[in-house]
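S.K.: Sequence:
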Amino acid sequence: MFIFVNNTKISKITTRMLQLTNVSSLPKTLISNSNDLRTGSALRDCANLFDDAVSQLSRSIESMRGESVLTVEKVGDLKTWISAAMTNQETCVDGLEEMGSTVVDEVKMKVQRSSVCMSNNLAILGHMDGVLEKFGMHLH
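Mapped onto my numbering, the consecutive letters of the sequence shown carry residue numbers 2 to 141.
Note that these hints are calculated values from the structure, not bench results.
Among the hints, erroneous ones may be present.
Think about it this way: if two alpha-carbon atoms lie no more than 25 Å apart in a straight line, the pair counts; the simulated DMTMM-like pairs of lysine to aspartate or glutamate are [as the list claims (entries may be wrong)]:
no.	residue 1	residue 2
1	Lys75	Glu63
2	Lys135	Glu107
3	Lys80	Glu91
Based on the provided sequences and hints, a complete structural model is requested.
M.R.: What follows is the structure in structure tokens.
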């Protein structure tokens, strides 16, 4: 039996990714308001990390468009890219903390919501096989 992905599910995933996209614009906004060179440098790193995360997640979502079957490979890719995006966010916050930046609390607050969403998505993907097995189904 196959697990099918429809456009509604892809739209929901895309909506969640937009939260990360919204977070990714924050460092760029803060750079323009910062007079501190060290904070500006850390924020540029954050902007690059967030842009990479959005790009990687976009590619994963695009790989599901046009194909209706959800495969073990696609689930694995999603888990990898979500984990990478979470790591990128943590790296950003760590860099700001190391610099003693005054914007670290603001970035942490904005990152928290997308981190929770990504963590929830990882948990769902991580338990998908077990849930499907209970119904006699498997990923292909």
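S.K.: The structure should be examined with respect to each hint, and the outcome stated for every one.
M.R.: For each hint, the structure was consulted:
1. For the hint linking Lys75 to Glu63, the alpha-carbon distance of about 11 Å falls within 25 Å, and the restraint holds.
2. Annotation: proposed proximity of Lys135 to Glu107 is violated, straight-line Cα distance about 43 Å (limit 25 Å).
3. With a C-alpha separation of about 17 Å, the suggested pair Lys80 and Glu91 falls inside the 25 Å cut-off, and the hint holds.
Going down the numbered hints, you'll see the structure goes against just number 2.
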